[in-house]
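**Student:** Could you use the hints to bring the two separately framed chains together as a complex?
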Amino acid sequence: MLLLSALVLAFGTYTYLGMQHYLVSDLQTTLARRAAQITDYVVNRPPRMSDAQIINEIKILYAPEANDRFIRITRDDGSVLYISGTPKDLSFDPAGINNITSNVPAQRSELTVNNNRLYIAAITTSPVGNNRQHYIVEVGTSDRQIQSALHGLLATLAIGFPVLLVLAAGGAYLLIERSLTPVTTIMNAAEDISLHNLSSRLPIAATGDKLEHLSRALNRMITRLDEAFQQASRFTADASHELRTPLTIMRGELEFIAQQSHLPADLREQIGSLLEETERLTHITEGLLAIARLEAGEAKVERSVFDLGVLATITAEQMQLLAEEKQIALRVSADQDVKVGGDPARIKQVIVNLLDNALKYTPENGAIDIRVVNADGHAILNVSDTGVGIPKQHLPHIFERFYRADKMRGRAGGAGLGLSIVRSICTAHGGTVQAESTPGQGSRFTVILELARSDPSIEAALV
Amino acid sequence: MRILLVEDEEKVLRFVSRGLRAEGFAVDEAKDGKHGLDLATSYQYDLVILDIMLPQVNGTEILRQIRGRGQLTPVLMLSARDQINDKVTHLEYGADDYLTKPFSFTELQARVKALMRRGRHDLSSRIQIADLEIDRLAHQIKRAGKRISLSAKEYALLEYFAINAGRTLSRTMIIEHVWDQSFEGLTNIVDVYVKQLRHKIDEGHMHKLIHTLRGIGYRLGDDES
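Chains as they are written, first to last, in the numbering used here: chain R, 329 to 791; chain D, 63 to 287.
Listed next, the in silico EDC-like pairs over lysine to aspartate or glutamate satisfying Cα-Cα at most 20 Å (straight line):
(1) K257(D) - E645(R)
(2) K204(D) - D284(D)
(3) K654(R) - D253(D)
Simulated from the structure, these hints should not be mistaken for laboratory data.
If you're wondering where the values come from, they're calculated on a predicted model, not measured in any experiment.
If we strip away everything but chain D, and leave its shape as in the complex, we get (with noise of 0.2 Å):
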């Protein structure tokens, strides 16, 4: 898997290349438009990272050329302009998806596997995680045979954890995908919730599969790093 990195601030490109290929990705990185132009319409890339303001070419114009010539490559766009307008406008160039600085390393690194997940329903309707059976069609959840009745947002919450298995996800992620922006920022909504989620499915079991990583997020998984 092939991803190609355009990021003018050096320290941003240095921290998300070094990520992605500790997560296994080879990534090819340029640091003004230009040579980001060249490399996009030179190889065949499984991802295209954009940053938005680039000296010489920006980022909407590499956007615009690649879909020019009728690549199908994703494009996820990186800005430090939220405004939803920008947004739009992206997408509607043909951009796969827009993230706004400051994002966290495990928000990029989910919408990295997401796009390249796309096309592939390998999501089935079953998940299984040690001894946690979520069924996807009845939203019903059972630890170790036993069933276990959640609220719809509890149920939510833990559908969003269950697709991620093994990933961190950040608090804003959790806030954008189980509840909605309102919420961001202001509210310990998502520890409660947590709190709760883990009453539930960990209580009286041995092997805890909720994990806190202080400062960064949540996980849930079969590990105990």
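With the rest of the complex left out, here is chain R (with noise of 0.2 Å):
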């Protein structure tokens, strides 16, 4: 913008300089050739004519006061033949110039008098007549006529420069504007999208230049990601996948040996121990794989329409002597009609894991708080406790596989994907989970879902 202004600035100065020496080259040229024209005419042209002629003629061809010029003519002794008269618009006063007194046949000159720049040619012609006399004929101008046309033009510039720039640059931003278009809907379909939706593409912008190329670029690199990850979820399933018969093996044989009433008591606890750990084994890869179909969007989530705020009050329900057992108070407020679509049993899952988690970490005589609330148009589940709470270089970790706060925590951990579950079930139902903790006072966990639009007909019986 300051650049076009400086260009539109320049060259508005160069039409003006040049309008200006255009102007006074052409005044000048003009007043040479008037009077070259009055030396021919008037002074040179046999036959000779008189003074009082010459006057006469002078008067009638140029009428020098209307068209606002000077006309001279001076003898050689410096007696003046003929002189015109006050212009009319009075720019100039012509006894008041003073006499050219040179010999050069031709010359241009410019004085200012009263202000008034003036422009005069000047002739010195060869002898004439009879007494060899020279005649020096002068004709001039002021510049009024050339100051006003510069006006004129000044003023056109000034106001055409404005409306010029304005339009520049109104043009400029729509072209811009244009050009880039396709760009803000590639960075939008960029900014969409993340890990779970790999499979969708940036638009194509068919301009069939850069920017047509730079989205299939994108394009490739995006389906190079979702194949690698793909391949990574792939290979989760599939290892999970493989493990279960080995699984049902051990299991099978230790449940066999176990149940041997012969059995002497310490090998009956150690097969015991080997059992439980057959069974984490089990929930590891269960869980492993629950979580690597949900972001393969292979488990297709199951779309019913049910209250968060029932689902919530009768799961606390069913965990509510393990909060008794540890003396922990779990509470539940919940808003009415908070509906959303999705898996009830799934949702339940999400609530459940939550509330073992809080439980998990919530000490004796501790609070537990579940909300369900109808805000902004979204539904949302709280989940907060008094527990130890998470320390903060902990917590954007916390919903990752197998990723542990507490490196010395035992086995109470169970699998380590409880949370990690829940991201995902969360992410499948188009949610997000979001944890903040205070160490030393608790932890708070938020699920934030989409409303439902009510639709009783496809409504799920929760009980």
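**Tutor:** Have a look at this one:
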């Protein structure tokens, strides 16, 4: 914009100066031609006219006063043959203009009279008549006309340039905007692509230029990412799947041994311990498989509409005894009619896992609060506890698989996939889960889900 | 009682048939689909247990052929695939039950017994185990003649134990029957409830009825082992 203004200004200045230069030189040429004409026609031309005739001729032919011209014919000796009168525009006083006293045949001069610039062309004739008299013919005019023309130009430029600038800027903006629209589209689409919808692609900007190449290149990159991610996901799913048969066998054989009646007590304990580990392994593989499927979008989320508040209340009731065991107060408060769409069994798992987590980290005599509210058009589920909290450096990682804030934690921790499953389920439902915590005071988990458009025909029975 | 077991995984085949034989069943084994199909269509079994992924002829196909011939033999499917679709598909083809690997033998045993029992209403409205009485209509419990009050969940748990009296029940089975799968693998909810139930049923009695089998599960019964 600044550059554009500077350019326009430079162009204006150039135009103005060029115009000025052209007008001045044009005027000077005209004056010189006029002087030559008078010289030829009036003074030199035979038959020689009398002085009175000359004066008369000039008045008739040139009417210098009416044309704002200055004409003077001077003899050798300095006496004036003819001098024009005061011009109509009163821009100069002919009497105040000094004689040119030179013998140069033709010359141009500029002088300033009464704050007006005067341009004069003078011609000294060759000797004329019997007395071999030289004449000096001077023709001049003030720069008034030039000035008024230049003022006009300046006025035009002064009005025209801002308009031009605005138009140019507006046009440039529109042009840039139009050429950037595909970029904005691509940008927005790119923002929306995450690990969970890698199957979607950016729109191709069919502009035929670099932009189109860019969108295609980006899409190829997303395809490669998608493939890599699917491979990893498939590997997890396949591995978990393949572990099922050996786990079944281990469990079957161990159970058979454990149920032998003659088994010594310590051996029975050891077998029991092995069976517990087998079960834990089973839960880990099942959890991994569930996450892999949710992430791959393979586990189709069953869509039905249900009341999140009712689901939370029922789930909390079912876990009440676990809270009582630790003398923890488990309270639920829920808004009426917070309807969400999805698979109630999976959302219930979210609540169970969050409560399980809260119960695990809340010491005796603590409290856990579940709140279900309808806020800003979203269904929000809060689970807050008065537990040990999560140190700040661990907070961003707690939803990762097998992440443990407390490395020293024992096997009470289960499979280490609970929160990871929570996140996968939330994401599969188009929702989010976040955690906040103040170490020593407690943690708060917030699940945000889309509210369902109420459609009683697909409402699920929760009980 | 004769059971046909079709399973290509040798070790699974071994422990399942060994367990079933220990329960007093006669077990015929088939290690591939073709042999399984021959046996299933040649003899009248009381129960067929079918793995789904089998060489030559898969379990699904065997199931369809059995049902296609109008045989009403109960069929229990075993599978490493746990997608709801698989389950629904096989139940629609006429399978009576569907068990996902890895399963515990106690679970298989419970399902086998349930399938064998099908059609016989031998479950009375009253169950008595030693001096414990359960009135299934009134949801009332008495131990040694004294009324015990239970919460709804505690009652459901005790009733499930009582129906399967003498049989060990795994946590997975208990969760699936008394709660739902959302609780699986995460909480010690079963242990807490069993502890509570034990407190109400066994406290103050010399003869304990609820037994823990480490790593396997729980059992309600008269015996001590």
